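Taking the hints into account, I'd like the entire structure generated from these sequences.
If you read the protein sequences in the order shown, they are chains A and B. Residues 1 to 198 (the numbering used here) are what the first sequence spells out, left to right. Residues 1 to 115 (the numbering used here) are what the second sequence spells out, left to right.
For the record, the hints were derived by calculation from the structure and aren't laboratory data. Fair warning: this is a prediction, and the values are worked out from it, not measured in the lab. Don't take each hint at face value.
[Said to hold, decoys possible] Calculated pairs, SDA-like style, for lysine to any residue (alpha carbon to alpha carbon, straight line, at most 20 Å):
(1) LYS42/B with ARG87/B
(2) LYS151/A with LYS42/B
(3) LYS128/A with LEU90/B
[Claimed, not checked] Here's a subset of chain B near chain A, in silico, CB distances under 10 Å, partners left out:
(4) ASP6
(5) LEU9
(6) ILE10
(7) THR16
(8) ILE75
(9) THR78
(10) VAL80
(11) GLU88
(12) SER91
(13) PRO101
The C-beta atom is built at its ideal place from N, Cα and C for all residues, glycine as well.
This is what each chain is made of:
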Amino acid sequence: MNPNSNETLENLAVSSLAQCLLRISRVSPGTWRVLGVKVSAGTVTDAVKQHDFKNSAAAVYFNLPDASPLAAIMLFDPKDMVCISKCFTGHSFPRGPAITPADEVMLTELGNIVLNALMNGFLNALKKCVLPAVPQMVEGDMRRLTGELGKIVNPNQGFRIITAALALQCDDSVAMSEVMALLPEKIALELELLQPPA
Amino acid sequence: MLVVDDSDLIMEMTKTFLTAMGHEVIGEAYNGNDAVKIFTEKRPDLVLLDLVMPGKNGMQVLQEIKAIDPAVNVIMITAVQQDPISRELLSKGAAAILNKPFIYDELEAVLKQMH
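Put into structure tokens, the structure is as follows:
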């Protein structure tokens, strides 16, 4: 991969996510920001491996069923649920041993908003439109997550993986999340041609 | 008013906002198929309609309910902000598009445009 090409994808991702997080920060009690973006290449398993599985993870994800299918994933640490719920809704959801139905509803909507912002940026740059599938959520270890994600994308397919680290803060509590776009190489190359780095 | 969204969070928030504004919510649907069914039965004058849902999506529901009642006002609620999709929604009769996440004042401003 050409480092300049990665810069183009990184810039698009940062721009789309920063606008979205600014809006979420305005309408929610939390402060949301992009810590950094990196680009790599690999399969959906390689993407999920980037998460630090100290605990299980919760993933919100959807695919965009195009001729070259794209996918987007947002990963959370379930231990951060009190902070995430406070940042997004203003209410601290009680922490149980596992993700509750209320947690799932909240994470799915949050993922829906953030992941669409990321993918809207790429698709608008390409002047393409693809209606995303309904977002889904799964909680578990890496094997469980990659198993579920393998149902919406070919687990053997190579992608350009754009990963953004997000931080959210409300009062003294801070949580992290990773947001990933899985772009087929063809689409990544089209984006590089459309928007050369300044 | 009919509210259609597959997210409990958005459904509850939207209903709370509408009630506080003095509007009556006469129906709620969590998927596109139920939305068309409830619309046919209750004939609300205004529909708040999610775009991405299980079953029929919001674009399909919009077309069906506009065919039933061309005068109905439909406000689309979505996180999908892709220019061609927004244009298509407006060309198919959506009165406005409200982007997620939205706040009370934004919903109120869009509703005021309808009157």
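Q.
If you test the structure against every hint from before, which numbers come out violated?
A. 1, 2, 7, 8 and 12
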